[in-house]
Amino acid sequence: MTELPALLALLAGANVDYVLVGGVAAVAHGSARLTMDVDVVYSRRRANVERLVAALSGHSPYLRGAPPGLPFRWDVSTVERGLNFTLTTDLGPLDLLGEIPGGGTFEELRPEAVTLRVFGIDCLCLSLPQLIRAKRAAGRPKDLEALAELEALLEE
Amino acid sequence: MRRSPPQPATGQDPVVEAYKAGIDRTLLRDNLRLSVEERFRRLMQLQRSAEELRQAGRALRTRR
Chain F
1 MTELPALLAL
11 LAGANVDYVL
21 VGGVAAVAHG
31 SARLTMDVDV
41 VYSRRRANVE
51 RLVAALSGHS
61 PYLRGAPPGL
71 PFRWDVSTVE
81 RGLNFTLTTD
91 LGPLDLLGEI
101 PGGGTFEELR
111 PEAVTLRVFG
121 IDCLCLSLPQ
131 LIRAKRAAGR
141 PKDLEALAEL
151 EALLEE
Chain B
157 MRRSPPQPAT
167 GQDPVVEAYK
177 AGIDRTLLRD
187 NLRLSVEERF
197 RRLMQLQRSA
207 EELRQAGRAL
217 RTRR
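These protein sequences, in sequence, are chains F and B. Take 1 as the starting number for the first sequence in my numbering and just add one per residue. Take 157 as the starting number for the second sequence in my numbering and just add one per residue.
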């Protein structure tokens with residue numbers, strides 16, 4: 001399970017630039033679908049990657065689904081060499097995305113994103129139209145039902 | 157919560173429209189009456205329940 005209040009407080013306290021995307025963002029907009037992880041698009045700027053790495057380093061980040069004991073190092077150079085990371089942490093599963101189809105990078109998403117005040121914290125979240133565009137762009141069969149629900153929310 | 161334009165057009169994809177017909181909009185309307193924080197708390201509650209059900213399912217398979 002994801003400890004959302006603790007995770008959001010952690011990221012806010014470390015001044016990490018990120019935007020909530022995916023299932024949790026959909027829930028923020030009223031989705032009734034269950035999601036088990038948190039997806040965020042994070043800024044790839046060096047200073048932000050440093051803040052992100054420092055914030056999560058005390059929370060046992062590890063590659064989700066990977067066998068234990070791999071030589072995985074959670075550090076700035078690992079994040080800079082990669083783009084997307086599906087992690088387990090002791091705050092729950094967390095997907096860190098450098099960019100998303102139909103939306104792009106954090107810097108491209110930020111202008112249209114909405115600010116949520118939740119658990120006493122301000123956090124950026126994709127707007128409903130952004131979420132719909134991202135789901136359409138992803139184009140995976142499994143996204144079609146989620147897309148239908150997002151469009152229904154837009155119609156409500 | 158602030159909502160931003162532009163609004164994407166809906167009803168473009170017949171497959172999506174077919175899925176839309178099966179959506180229980182009463183659940184969506186219930187959620188829309190909640191604050192975002194309440195929606196997140198409900199999600200975490202559902203995650204806890206889902207995890208307990210998974211564990212129960214695993215235990216059942218082990219006993220067989």
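A couple of the hints might just be wrong.
[Claimed, not checked] Here chain B is said to cover these stretches of chain F; the calculated rule only asks that three of the stretch's residues, wherever they fall, bring their Cβ under 8 Å from a Cβ of chain B:
1. 21-28
2. 34-44
3. 99-105
4. 134-147
[As the list claims (entries may be wrong)] Listed below are several chain F residues computed to face chain B (Cβ distance under 8 Å; list not exhaustive):
5. Met1
6. Thr2
7. Leu83
8. Leu116
9. Val118
10. Phe119
[What the hints assert, rightly or not] With a straight-line cut-off of 25 Å between C-alpha atoms, the simulated DMTMM-like cross-links for lysine to aspartate or glutamate are:
11. F:Lys142 <-> F:Glu99
12. F:Lys142 <-> B:Glu173
13. F:Lys142 <-> F:Glu155
14. F:Lys142 <-> B:Asp169
15. F:Lys142 <-> F:Asp95
16. F:Lys142 <-> F:Asp17
17. F:Lys142 <-> B:Glu207
18. F:Lys142 <-> F:Asp122
19. F:Lys142 <-> B:Asp180
Because the hints were derived from the structure by calculation, they are not lab data. None of these values were measured; they are calculated from a predicted model. Just so you know, even glycine gets a beta-carbon here, dropped at the ideal spot from N, CA and C.
Would the hint on F:Met1 be counted as holding, given a Cβ-Cβ threshold of 8 Å to chain B?
Where the cut-off is 8 Å and the nearest Cβ of chain B is about 4 Å from F:Met1, the hint holds.
For the pair supplied as a hint, F:Lys142 and F:Asp17, confirm whether the alpha-carbon distance does not exceed 25 Å.
This hinted pair is violated, its Cα atoms lying about 29 Å apart.
Examine the stretch 99-105 of chain F for residues whose CB is less than 8 Å from any CB of chain B, and state whether their number is three or more.
violated (count 0)
Verify the interface restraint on F:Leu116: the C-beta must sit less than 8 Å from at least one C-beta of chain B.
holds, 5 Å
Any CB of chain B closer than 8 Å to the CB of F:Phe119?
holds, 6 Å
So if I understand the rule, the pair passes when the alpha-carbon distance is 25 Å or less; does F:Lys142 with F:Asp122 pass?
Violated: F:Lys142 and F:Asp122 sit about 31 Å apart, past 25 Å.
Taking the closest Cβ pair, is F:Thr2 under 8 Å from chain B?
holds, 7 Å
Can the stretch 21-28 of chain F be counted as covered by chain B under the rule of three residues or more with Cβ-Cβ separation shorter than 8 Å?
n = 3 at 8 Å, threshold three: holds.
Under 8 Å is the threshold here; is the Cβ of F:Val118 close enough to any Cβ of chain B for the hint to stand?
holds, 5 Å
Could you grab the alpha-carbon distance between F:Lys142 and B:Asp180 and see if it respects the 25 Å cut-off?
holds, 18 Å
Please work out if F:Lys142 and B:Glu173 have their alpha carbons no farther apart than 25 Å.
Roughly 15 Å between the alpha carbons, so the hint for F:Lys142 and B:Glu173 holds.
Does F:Lys142 pair with B:Glu207 here, judged by a C-alpha cut-off of 25 Å?
holds, 22 Å
Of the numbered hints listed earlier, those contradicted by the structure are 3, 7, 16 and 18.
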